[in-house]
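Visitor: One-letter residues, chain by chain:
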Amino acid sequence: MFYVSMFFQYASQYLKTRFTYRVDTAVEILSDLLNQAVNLIFILVVFGHTTLLSGWNRDEIIFIYGFFLIPYALFSAFFNIWDFNERYIVKGEMDRVLTRPVHSLFQIIMERMELESLFGVITGLAVMAYAGMNLSITFTWYDVLIFIVMVIGGMFIYAGIFLSIATIGFWSDSRTDIMPTMYNISNYGRYPVNIYNKIIQFVLTWILPFAFVGVYPASYFLGRNEWYGYAFLTPVMGVIFFAMAVLLWNTGVKKYRGAGN
Amino acid sequence: MSMYIEMIRVRFLMMLAYRTNYYSGILIYSINIGAYYFLWSAIYGGKEEIQGLSILQMTTYVAVSWMARAFYFNNIDREIAAEIKDGKVAIEMIRPYNYLGMKTMQALGEGIFRILFFSVPGLIIVALIFPISFSTSPSTWFFFFLSLIFSFIVNTQINLLTGIMTFFLFNNAGLIRAKRVVIDLFSGLLLPISFYPGWAQSLMTYLPFQAISYVPSMIFTEGFAGSEITNAILLQAVWVVILLVPIRLLWSLAKKQLIVQGG
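Sequence lines, in order, name chains F and G. According to this note's numbering, the first sequence holds residues 3 to 263 in order. According to this note's numbering, the second sequence holds residues 2 to 264 in order.
In case anyone wonders, no lab produced these hints; they're calculated from the structure. A quick note: this is a predicted structure, and the numbers were derived from the prediction, not measured. Where a beta carbon is used, it is the ideal one built from N, C-alpha and C, also for glycine. One should not assume that every hint holds.
[Stated by the list, open to error] Below, computed lysine-lysine pairings styled on BS3-like, alpha-carbon distance capped at 25 Å:
| # | chain 1 | residue 1 | chain 2 | residue 2 |
| --- | --- | --- | --- | --- |
| 1 | F | LYS200 | G | LYS89 |
| 2 | G | LYS257 | G | LYS89 |
| 3 | G | LYS256 | F | LYS93 |
[Claimed, not checked] Simulated restraints on C-beta separations:
| # | chain 1 | residue 1 | chain 2 | residue 2 | range |
| --- | --- | --- | --- | --- | --- |
| 4 | G | SER195 | F | GLU113 | 40 to 50 Å |
| 5 | G | SER203 | F | ASP145 | 37 to 47 Å |
| 6 | F | GLY225 | G | ILE130 | 21 to 31 Å |
| 7 | F | TRP208 | G | THR231 | 47 to 57 Å |
| 8 | F | PHE4 | G | ARG249 | 56 to 66 Å |
| 9 | F | TYR185 | G | GLN202 | 43 to 53 Å |
| 10 | G | ALA226 | F | LEU54 | 45 to 55 Å |
Please take these sequences and the hints and turn them into a complete structure.
Guide: Below, the structure written as structure tokens:
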């Protein structure tokens with residue numbers, strides 16, 4: 003309960019800061035939309051020259067992309083930790099966080115949230131609706147529940163991977179470029195994994211499971227039963243990877259000694 | 002003049018001091034090239050060619066356009082925005098050089114560094130992993146480098162414009178991001194312009210963006226031939242001249258209404 007009220011306090015503070023630079027916030031949301039549009043345009047243009055991409059048709063690919071946008075939007079709204087090392091470890095902000103009686107990870111998530119990213123959920127739903135109508139996909143009532151579980155699972159996978167990388171900061175405050183590298187690898191998850199070679203497929207499934215954020219869960223709704231086994235693993239993978247990250251975080255916080263002076 | 006050459010030199014040396022940061026950049030670009038390599042292989046399926054480009058030319062196109070990006074890409078829009086926000090720009094403006102000229106020279110120093118320490122080794126590494134064809138004709142290489150210089154100028158001009166907009170928007174991180182996305186799409190980095198439907202292609206001839214990436218990459222992959230090459234380079238030159246106008250205009254307007262927010 004205490005954490006819920008903390009969330010609303012942080013959120014209201016956040017909105018105040020965003021409304022100071024109103025034009026900029028609007029432009030930022032617009033640029034997010036633009037980013038999503040670019041990827042859609044890419045798919046549309048490409049399918050002007052081909053009908054199938056490793057067995058997936060245009061609307062299926064669009065549907066997968068639409069699905070991907072939703073867990074990704076939740077992730078970017080609440081797990082904006084790509085500069086954790088510079089911001090908290092190098093500058094010593096972590097000391098301030100640790101003196102407060104709220105879990106350190108929760109505080110950092112709250113301090114760094116970017117609620118405007120949640121617009122991606124709307125875009126994702128719209129994209130899925132468009133593709134779903136072209137494919138005449140039927141939804142039953144329990145599909146909604148499965149959808150929510152899959153989305154949260156996908157978000158946890160993203161969060162788990164990036165949090166785990168952020169915890170490196172507890173052991174070494176030297177600059178690493180693993181974070182941006184990982185962001186670029188995560189782009190591989192937007193497309194069906196069977197376009198890649200076997201090694202990359204394996205990595206995207208078991209080591210850096212970005213395929214569980216897009217193609218695997220989406221294939222359940224597309225009725226592609228050859229992928230169902232993977233689809234239902236999504237929440238399991240999410241829980242495993244997120245739990246691992248929290249474990250690493252807690253160990254890291256115990257290990258943390260501050261960055262000097 | 003020697004003052005500006007000094008600016009190029011200093012920025013080059015500054016980048017050289019932090020060169021280890023760039024090794025991971027090569028890795029990141031290779032990851033991106035890899036993603037598009039697999040994507041394009043799947044798109045081609047069994048097709049011989051799409052829009053006159055074979056799969057080999059397409060892979061080359063992807064690799065070269067990313068490595069060329071390392072040359073023309075710079076963050077001077079962000080630097081200008083930061084200097085406006087912390088008030089430094091006021092000091093810069095009373096110094097005996099042209100502020101925008103200085104920024105351009107710094108960008109050039111950065112570009113020269115990156116082409117030597119990033120693009121060249123990067124392209125060699127990528128060529129070892131993916132099938133890429135290098136032209137053997139010296140004229141292709143000559144026109145490629147010529148058009149690359151123009152892509153740098155056009156991209157820098159757009160960055161200057163974006164940076165100057167901070168004078169009017171105060172905080173323009175959003176605009177800077179949006180500009181980046183627009184350039185990635187409309188410059189031909191992600192998709193050759195010839196792949197777009199006809200109406201979009203004709204719309205894009207009225208925009209400066211294809212001068213940034215499409216032209217040098219098409220020259221390199223020999224997707225352009227004969228008069229197409231010279232026309233494309235002429236088009237780049239025309240854009241360089243046209244873009245000078247809004248820069249001049251906005252800059253003189255900005256100087257009049259400068260508000261130093263801090264410092």
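Visitor: Compare the structure with each hint and give your call.
Guide: Status of each hint after checking the structure:
no.: 1; hint: LYS200(F) x LYS89(G); verdict: 53 Å, violated
no.: 2; hint: LYS257(G) x LYS89(G); verdict: 16 Å, holds
no.: 3; hint: LYS256(G) x LYS93(F); verdict: 35 Å, violated
no.: 4; hint: SER195(G) x GLU113(F): 40 to 50 Å; verdict: 47 Å, holds
no.: 5; hint: SER203(G) x ASP145(F): 37 to 47 Å; verdict: 43 Å, holds
no.: 6; hint: GLY225(F) x ILE130(G): 21 to 31 Å; verdict: 37 Å, violated
no.: 7; hint: TRP208(F) x THR231(G): 47 to 57 Å; verdict: 52 Å, holds
no.: 8; hint: PHE4(F) x ARG249(G): 56 to 66 Å; verdict: 58 Å, holds
no.: 9; hint: TYR185(F) x GLN202(G): 43 to 53 Å; verdict: 31 Å, violated
no.: 10; hint: ALA226(G) x LEU54(F): 45 to 55 Å; verdict: 31 Å, violated
Checked against the numbered hints above, the structure violates hints 1, 3, 6, 9, 10; every other hint is satisfied.
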